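From just these sequences and the hints, can you work out the full model?
Protein chains: 2
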Amino acid sequence: MTAEGLPMTVPAQDLPDRVRIHEVGARDGLQNEKSAVPTEVKAEFIRRLADAGLTTIEATSFVHPAWVPQLADAEDLFPQVADLPVALPVLVPNQRGLDRALALGARRVAVFASATESFAKANLNRTLDESLAVFEPVVRRAKDEGVQVRGYVSMCFGDPWEGAVPLHQVVRVCRALRDMGCDELSLGDTIGVATPGHVLELLSLLNEEGVPTNVLGVHFHDTYGQALANTYAALEHGVTTVDASAGGLGGCPYAKSATGNLATEDLVWMLHGLGIDTGVDLGRLVATSAWMADQLGRPSPSRTVRALSHKDQ
Amino acid sequence: MTAEGLPMTVPAQDLPDRVRIHEVGARDGLQNEKSAVPTEVKAEFIRRLADAGLTTIEATSFVHPAWVPQLADAEDLFPQVADLPVALPVLVPNQRGLDRALALGARRVAVFASATESFAKANLNRTLDESLAVFEPVVRRAKDEGVQVRGYVSMCFGDPWEGAVPLHQVVRVCRALRDMGCDELSLGDTIGVATPGHVLELLSLLNEEGVPTNVLGVHFHDTYGQALANTYAALEHGVTTVDASAGGLGGCPYAKSATGNLATEDLVWMLHGLGIDTGVDLGRLVATSAWMADQLGRPSPSRTVRALSHKDQ
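Chains as they are written, first to last, in numbering that gives the first Met the number 0: chain A, 0 to 312; chain B, 0 to 312.
If you're looking for bench data, these hints aren't it; they were derived computationally from the structure.
It is possible that part of the hints are untrue.
Any copy, or any two copies together, can satisfy a pair, since identical chains are not distinguished.
[What the hints assert, rightly or not] SDA-like, lysine to any residue: derived pairs with alpha carbons at most 25 Å apart: (1) K120 / G4; (2) K120 / A65; (3) K33 / P298; (4) K120 / M7; (5) K120 / G162; (6) K142 / N213; (7) K142 / R171; (8) K142 / D82.
Since we're looking at a predicted model, the values are computed, not measured.
Next up, the structure:
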């Protein structure tokens, strides 16, 4: 479909020179897959992602196997990829999960918090403060072990039960996670409703309240098609960590091939067009996502994957 | 999927207060449909779009029926919608097309130029300068009749044969169309490869070369998922006319439901989140696109339509 030399590289003013992509396809992308994906396929997926130049690849979750059956093979999977020369964060819901991750030598972990009471209740069956209290010893122990900790904050821009989420409430949760010792926070638009002004306002308020941009990542979903515009606004604010999912894996449960997560390829297309370094080889990444789509038996929701893998046919 | 009050309205600095959406679904969106869409369905589509608050609705094309069979009913269709209280531009490829449009009372027309030799050759079988020479008397006569003229400039950001398109070449075509008398230009990213820095650079260069922002519209395709991020960049530059297609109609020929045009609903979601007035009722627009998707027998590629029409089920 496209000729060589596209996208044309034309930098915009005041954007970062480099962006670190936090690749979530193997964990966030796969966790809602109904059919079990073989552990070997997951390991191969992660290896191919690393080979495509991604340097931070969230590998799996040490959640209780009954909660997320798709990731019940974490103990088998992690050692198969542990020697890759990339960062391999893993999700840990509690102390037990952290124990399992540490026992396998994980050096980066992530906790998954909520910005709203409703989602804390639905996802963790706890109040917001109770859930933060559960994370505190997890984060402290990880830090004592010299392990880097990321704090996911979900529902930062809207909640399916509550609707709009007050900004000060998001800030409160972010500050609590920072105070515990989280090295990095990922601001999640779990239902994909954010727009650029909302993103900029939250980032500014976090800065004012003592949370600097360099510890913030953004995690946008494309449910309403807003993910890349929101990312661009975040880059303008100075954000340099962006979460994305190879091939756009992690679809909404209600529509085949409807996207959930921002597709890494669509992000890379924009960043490379802007002259922003990612270290990613887009061709290899597209090939990886096309391969994974074959494994899952349905087309990738990433528009760039569709456009470029068509070209190769 | 979403609760009330979403998206939250949070304006960003230095954006326009109001954006005029140039709705292209009925013309650009339908023209590549293989099966003939009944004229009554097209008329009803346009009526519903007007009822949803769109004020500029490109209705059809007075191209030779053999070229675009789907729009061969222009003479039947136009009178059915001509009394709607909205602007109804129509495409005219040449003097004959202009004659037909004027005979029916059209008060706005558009010509369709190319920024590249390859596309001029492929689309019109003429050189770039020959194609501009064909448009000149068309534009002059339309202006003499007091009719507003829009000039589409396709392949502004990339061309499937030539790859990257030199900016000065795009500027040359834009200036030529302005010099002929075009009131407005629509900068088309026909193959969807642009990124925000590229958009900003072209807009700046056009301004420097005497083409002001207030005569420029942007027309992005979502082939690589970039359309809304590019639109946001254009808004930051001061652009207030944005082309979009209800439901994202106008898919790429190679993939069912793959999007071509920016979906009007995804655009409206962003604009309303930014507090930018459009006059559009998003709920009515979504219902219109869901209805049209039923007529065409396949789901809308607009993410907002999918998300919100699911909610209504």
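Query raised in the report: Can you list which hints this structure breaks, lowest number first?
Result: The structure breaks none of the hints.
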